[in-house]
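J.: Listed below are the residues making up each chain.
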Amino acid sequence: MAKLERYQQRRGLVAIDGAMALIFILLIVQIWLLGATLEAFLAGHAGAVLPAAICSGLVFLLGCVALDLFVTRVDQESRKP
Amino acid sequence: MSLLPSPSKEPLWREEFSVFTSDERYVTRRQFAKFLTLTSLGMFVGNLWVLAKAHFAKTPSFPSVEVGEVDEIPVRGIKLFTYPTPKDHCILIRTGEDQYVAYSQKCTHLSCAVYFSAIEDRLECPCHQGFFSVRDGSVLQGPPPRPLPQITLERNGARLLAVGLKGS
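Residue numbers (our numbering), protein chains in the order written: chain A, 1 to 81; chain B, 1 to 168.
Pulled out of the complex, with its shape left as it was, chain A reads as follows:
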C-alpha cells in the first residue's frame, strides 16, 4: 500500500515538473515576444503592439490556468492519504 502511495506521489511530481517545464517554455516565448514588440515599436511599426499585448496576456493566463488547474489538482491528488 505504501509502495503504491509512493509511486503515485512520484508520478504526481513528474507531472508537476512537466507542467512547470511547459510554463517555463511559455515564459521564454513571452520574453521573446516583449523584445520583438519593443523592436517593432521603436522601428515605427505600432500595428504589431496590440496583437502582441493580447498574445502576452493569453500566455500569462495560460500559465496561470496550467498552474491552478493542473499543478494544484495533481499536487492535491498526490498528497491524498
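It should be emphasised that the hints constitute simulated quantities derived from the structure, not laboratory data. None of the values given here were measured: they were computed from a predicted structure. Don't take each hint at face value.
As the list claims (entries may be wrong) - EDC-like cross-link-like pairs, simulated, lysine to aspartate or glutamate; straight-line CA separation at most 16 Å:
| # | chain 1 | residue 1 | chain 2 | residue 2 |
| --- | --- | --- | --- | --- |
| 1 | B | LYS34 | A | GLU39 |
| 2 | B | LYS106 | B | GLU124 |
| 3 | B | LYS34 | A | ASP17 |
| 4 | B | LYS58 | B | ASP71 |
| 5 | B | LYS53 | A | GLU39 |
| 6 | B | LYS166 | B | ASP136 |
| 7 | B | LYS34 | A | ASP68 |
| 8 | B | LYS79 | B | GLU66 |
| 9 | B | LYS166 | B | ASP88 |
Chain B: place on chain A using the hints.
T.: Just chain B, lined up with the frame of chain A:
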C-alpha cells in the same frame, strides 16, 4: 545532573551559524512556480506598457525647411543638410532629372554617417559595410536592423522643402 551543555561533535562556529548554504539555495517547486508566474506577469505588464506608449504617443510635428533649389545639384549629385534639428544630418540625392530623395545620414546600426555611392547606386555605411537602397532606404546588406529614416520632400516652385520624417 550537569549544568554544562553536553559536548557537541560539531565545532562551535557550525553550531552558531547553523544555516547551510545548500539549504539556503534550495528552491522549492512552489517558489519556482511563483517566480515563473510573477515573471510572466512582468512580461505582460511590459507589453501593456509598450501598448500604452504606442497609444498615448503624440504625433510629432515637423517644420517645413528649405533644402535648396531644384537645379542646385546635378543628376546623381548630393547635398548635405540638417533636418529637423541642426544636429540631425541628412543627405539629399538627385536620382533623376526630376526625382529627389532625402534620408537621414545616421546609419541605423551604430549611427555612423552614410554616404551616397553613385557607382554602386546605393547608400553605404563605411563602418560595418551596411548598404541601403537609394530608392526607399531599405537595407540591402550588412548589420543595420532598420531602413534609413526618409525625409519627406515637397516642391514649391523652384524650391525643395523638407516637410516630414518617415521611419524615425
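J.: All hints, please: hold or fail.
T.: Cross-check of the supplied hints:
no. : hint                   : result
1   : LYS34(B) to GLU39(A)   : violated (28 Å)
2   : LYS106(B) to GLU124(B) : holds (11 Å)
3   : LYS34(B) to ASP17(A)   : holds (14 Å)
4   : LYS58(B) to ASP71(B)   : violated (36 Å)
5   : LYS53(B) to GLU39(A)   : holds (13 Å)
6   : LYS166(B) to ASP136(B) : holds (11 Å)
7   : LYS34(B) to ASP68(A)   : holds (11 Å)
8   : LYS79(B) to GLU66(B)   : holds (12 Å)
9   : LYS166(B) to ASP88(B)  : holds (14 Å)
In summary, the numbered hints that this structure violates are 1 and 4.
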